[in-house]
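There are 2 protein chains.
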Amino acid sequence: MAYGLARRELRPRVPLRHGEGGKYHLTSLEGLAALSLDALSSVAYGPEAIVLVLIAAGTGALTATLPVTLVIAALLAVLVISYGQVIAVHPDGGGAYAVAKKDLGPRTGLLAAASLVVDYVLTVTVSLAAGAASLASAFPALGSHLLAVCLIGLVLLTAVNLRGVADSARVLMLPTVLFVVSIFGIIALGLLRGHPAAVVGSAQPVHVTEALGPLLLLKAFSSGCSALTGVEAIANGVPVFREPRVKRAQRTELMLGALLGLMLIGLAVLIRRDHVAPRGGVTVLAQLTAGAYGSGWPYYATNLVVTLALAFAANTSFGGLPVLMSLLARDHRLPHLFGLRRERPVYRWGVLTLALLAALLLIAVDGDTHRMIPLFAIGVFTGFTISQIGLVRHWAGQRSPGWLRRAALNGSGAVLTAVAGVVLLATKFLEGAWVVVVTVPLLMLLFARVERYYTAVGKELGLGEIPPALRPAESLVIVPVGEVSKLAQHALTAAGALGHDVVAVAVQSDPVKAQELSDRWERWNPGVRLDIIDSPQRSLVQPIVEYVERAAEEGRQIAVLIPEVEPLHRRYQILQNQRGILLAAALMAHTDVVVCMLPYRLSR
Amino acid sequence: MAYGLARRELRPRVPLRHGEGGKYHLTSLEGLAALSLDALSSVAYGPEAIVLVLIAAGTGALTATLPVTLVIAALLAVLVISYGQVIAVHPDGGGAYAVAKKDLGPRTGLLAAASLVVDYVLTVTVSLAAGAASLASAFPALGSHLLAVCLIGLVLLTAVNLRGVADSARVLMLPTVLFVVSIFGIIALGLLRGHPAAVVGSAQPVHVTEALGPLLLLKAFSSGCSALTGVEAIANGVPVFREPRVKRAQRTELMLGALLGLMLIGLAVLIRRDHVAPRGGVTVLAQLTAGAYGSGWPYYATNLVVTLALAFAANTSFGGLPVLMSLLARDHRLPHLFGLRRERPVYRWGVLTLALLAALLLIAVDGDTHRMIPLFAIGVFTGFTISQIGLVRHWAGQRSPGWLRRAALNGSGAVLTAVAGVVLLATKFLEGAWVVVVTVPLLMLLFARVERYYTAVGKELGLGEIPPALRPAESLVIVPVGEVSKLAQHALTAAGALGHDVVAVAVQSDPVKAQELSDRWERWNPGVRLDIIDSPQRSLVQPIVEYVERAAEEGRQIAVLIPEVEPLHRRYQILQNQRGILLAAALMAHTDVVVCMLPYRLSR
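Chains as they are written, first to last, in numbering that gives the first Met the number 0: chain A, 0 to 603; chain B, 0 to 603.
Be careful, since some hints might not be right.
Simulated crosslink set (BS3-like; lysine-lysine; CA at most 25 Å straight-line) [as the list claims (entries may be wrong)]:
| # | chain 1 | residue 1 | chain 2 | residue 2 |
| --- | --- | --- | --- | --- |
| 1 | B | Lys-512 | A | Lys-101 |
| 2 | B | Lys-458 | A | Lys-485 |
| 3 | B | Lys-101 | A | Lys-512 |
| 4 | B | Lys-485 | A | Lys-458 |
| 5 | B | Lys-512 | B | Lys-485 |
Simulated DEER-style distance windows between Cβ atoms [what the hints assert, rightly or not]:
| # | chain 1 | residue 1 | chain 2 | residue 2 | range |
| --- | --- | --- | --- | --- | --- |
| 6 | B | Glu-521 | A | Glu-473 | 40 to 50 Å |
| 7 | B | Ile-465 | A | Ala-513 | 16 to 26 Å |
| 8 | A | Leu-444 | B | Leu-567 | 19 to 29 Å |
| 9 | A | Leu-444 | B | Gly-279 | 33 to 43 Å |
Derived from the structure by calculation, the hints contain no laboratory data.
Remember, predicted model here, so these are calculated numbers, not experimental data.
Built from N, CA and C at the ideal position, the CB exists for glycine as well.
All chains, full assembly: derive it from the sequences and hints.
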């Protein structure tokens, strides 16, 4: 069971198809390419987030970018080592929700789930917004339409995911490789050159509003932590690796840490040397790109690669949130609807919910990456902390040799990420983090209330009990008819097979027509009584509901059989059936009888 | 039958309730108040339409307003006399569609119906736009938001009409009386004063672009004919009059003609004397109002009365078009859906369709009355002409004493209105009348295609034939179950009453859970076999559909009974039922079995 859950939850960031066999499993390098894009692409906005905080203390303060980045890299190192242990303990993958539910109890599971929901939504919005900013760096005409670009991207992602993507880990490899090559190209070429090859964007006036004190450094650190989002993906996706998969996954996690750390530090060095400050219309990464490659075609190509990588990173959430929601639905913590898949293996309600939430958030912040950064990392760090605490519990429960060393490692990881989370929250509270503080408990409350409802319903339905024996009953099938026709014949034949007794009923306000119908019925003589109800209001539904209610008083099992004309072509649907559907809905709402629909297929 | 149709179609412009008895029938004066608002309120835009055409030849050309108005008044006189005869021949009222269908055949009926649809939509839009202009004349701040004012008014009208108005002819009396008193006050006071009491609005530069030739006069005439819309309402509503109703209705038609003619001529005289030219921000009627009453509170009050009258005039279409559409639906010329009323006696689909069409048109012309004038009168004149031709046919068929004189009168009426219609069309073709020329045939085509579809379906269903006798059949009821619960017990009990044979079916991908379910089923032992289908895809619907298809091959009558948990509170609806609905929809779409839904009501 836990395995089943894990296999499914790994899908979030591991777009491998269910049921793909061992030969599709990945080597370490392939796994890196497939699973690291979400984490690596955050270098597109993480360093910039640091620069945007530090500039408040003037351009001189930007030299602090490097030390702040080094602290973040150190935190990254702790995380990577910690996750190496997570991989060893949870070789079935899983993700924070499954792990927390198993090791830390249902309440922590809810916290993890709520944090993950926030994280998934923000991964979509931040990646889209950063992708739009990157695109606008290459094509300045888009600069005043960032929100529109984000929303168009969102619509495209939604459409693709509603259709169901034939997702394979391999699809992600090319953008990942292109992205890594581009970024290291920027760092290497940038460092080789003595000074920037080209300067893009328009200079902005710098208003010094704060001194470079500990508070500003903490703020810069917490903004920069947005670069750490996504490093949990490999631990969630261990089952996609080829055996020995724990080893391979650990090696991949190390490689991811090394790549991400090197990128962050390399970019910070370049920022420091070139005195990169925020400039209008282009991102910090685009400035570094121009500095390394000049402003010719490599500049455009690199910006497009970055945009592409961010779009794929946003897409990982579309793999993830709907699956998480389906798990929550299966645990009765979200409406069961989110667990439904139609013919295509797509959780369409989850996809649509994610799209709606992302659209609302993007509109609220006007497509601006930096207004979402304060919200972003908190959910992720909550997940980090929960995973590590779970491991400490695990080690303490097992007490296998060396458990104390391992528990200490994960414990210090938990403390570090918890402290980082608190710093994030404290320094960014008024700038938007309060939204997360409000949203996460509300989501937990929602999950809990849904669960309470389903539990109560389960009790009422007697789930887990043996119901009493069945009692035999007689039945009467009522067939509403409009005219003597093949439709009526079709319906009465089916009704005759189903009921001990069958009666046809018609509503007719015109006495002449009523007599006509009655005459034709006698000529047909189907062996079934026809009751004609007079309805002066020309309303069809109410008289039949009342007729059925009267019949139900006799104590027999009543069924109402409504024949439905089904056109061959969909476009004719609007011409048919509304009466039957209205009647069925009214009967379902007001009576306890069985409501039967019988299709009669037309040839057109 | 014809009477039934007539009684219903009269509702358009005669908002009397079906079933109101004789004591509610109206005297001539009451009938005038109840039925004339649509016609009388057109003086709010008719004279202005003339002025706006003539100004193209300079302010001097405005003296032609009076002669053009006199020609229109003469046409009005012919119409009034003609309609006196329509009243005598069709004392059951009816309207152009019913009359044309009866006397001139189905094709002319379609033409009349299409013209009426266009006319109803335009009555709403022109009245709303003129009402907004009148309101903006009093409150200039609204001048730049005319479209918004129109749309707000439209939303209000739609909401009121969706709820169902307790409409009574008497509701219309007060606004009608207020409107008539206000207009005659303007004329009387205006003529008594030597010169305008106040001038409102800002002067506009006049660009002379045309000479005052016959073409311009024809254009002015055709624009002014928009003032004649609505004079058919009394003839459509004869049954609301007290006996002798033909006499009373004819008298009312004469009074309407006299009132409308006097208003038009009076206003034209004032326009000529005061040299009223178009001024920015205020309507021509508002200028005349200020000229008569000054710019104090009576000015505001009168503008509000005019706005109110126009809003009520717009509302008459909401009484009319949905009823016309229901008649067309009953004649199988529109989807039957338009003939459905839910609990409240409201044709909601007709109301919504009218609101949608009106909103689209208002947005297309940006809430500007004068851009709709070229479209307006054509549909009305088509109706006029059809009614008169119908009467000529009628007289020629009867050949009662004096028939030739009567036929000549209606014939000349028909010729005059036809000529006026052609002039309207020719002079306004490029300014918008082409829209009507395109729309009317398209609507006729739509009606004809819908009718053809329903005819073919009726043939396929064997309507009018006696179907073969019923053949008895055995039945198998399949009950999808999820767990052993009271829900399963409830469903199996009902199934036992309905089927010769019952089988339960469950879908379960997890072998452990499948075994659990099977064990519990055995302990319950309901006397019904349980088939457990293995579904590796976790899809519920497809395996059951396939199971049902296999069962259906045996030749028995198959029914699938789906128990549905029905929450007490609507807000819990989203938590339940989607699976059952999906399954029912899939079975309806892909199989020919009876699909039964059985509600199980929860206490919460």
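Here is what the structure says about each hint:
A C-alpha spacing of about 20 Å is found between B:Lys-512 and A:Lys-101, which places the hinted pair at or below 25 Å, so the restraint holds. Only pairs whose Cα atoms come within 25 Å are accepted, and B:Lys-458 paired with A:Lys-485 is accepted, the gap being roughly 10 Å. A C-alpha spacing of about 20 Å is found between B:Lys-101 and A:Lys-512, which places the hinted pair at or below 25 Å, so the restraint holds. At roughly 10 Å between alpha-carbon atoms, B:Lys-485 and A:Lys-458 fall within 25 Å of each other, so this suggested pair holds.
Proposed proximity of B:Lys-512 and B:Lys-485 is supported: the alpha carbons are some 19 Å apart, at most 25 Å. Range check, B:Glu-521 to A:Glu-473: about 28 Å between beta-carbon atoms, so the 40 to 50 Å window is missed. With their beta carbons about 18 Å apart, B:Ile-465 and A:Ala-513 fall inside the hinted range of 16 to 26 Å. In this structure, A:Leu-444 and B:Leu-567 meet the distance hint of 19 to 29 Å, their C-beta atoms being roughly 22 Å apart.
Remark: the range hint 33 to 43 Å for A:Leu-444 to B:Gly-279 is contradicted by a beta-carbon distance near 57 Å.
The structure fails to meet hints 6 and 9 from the earlier list, while all remaining hints are met.
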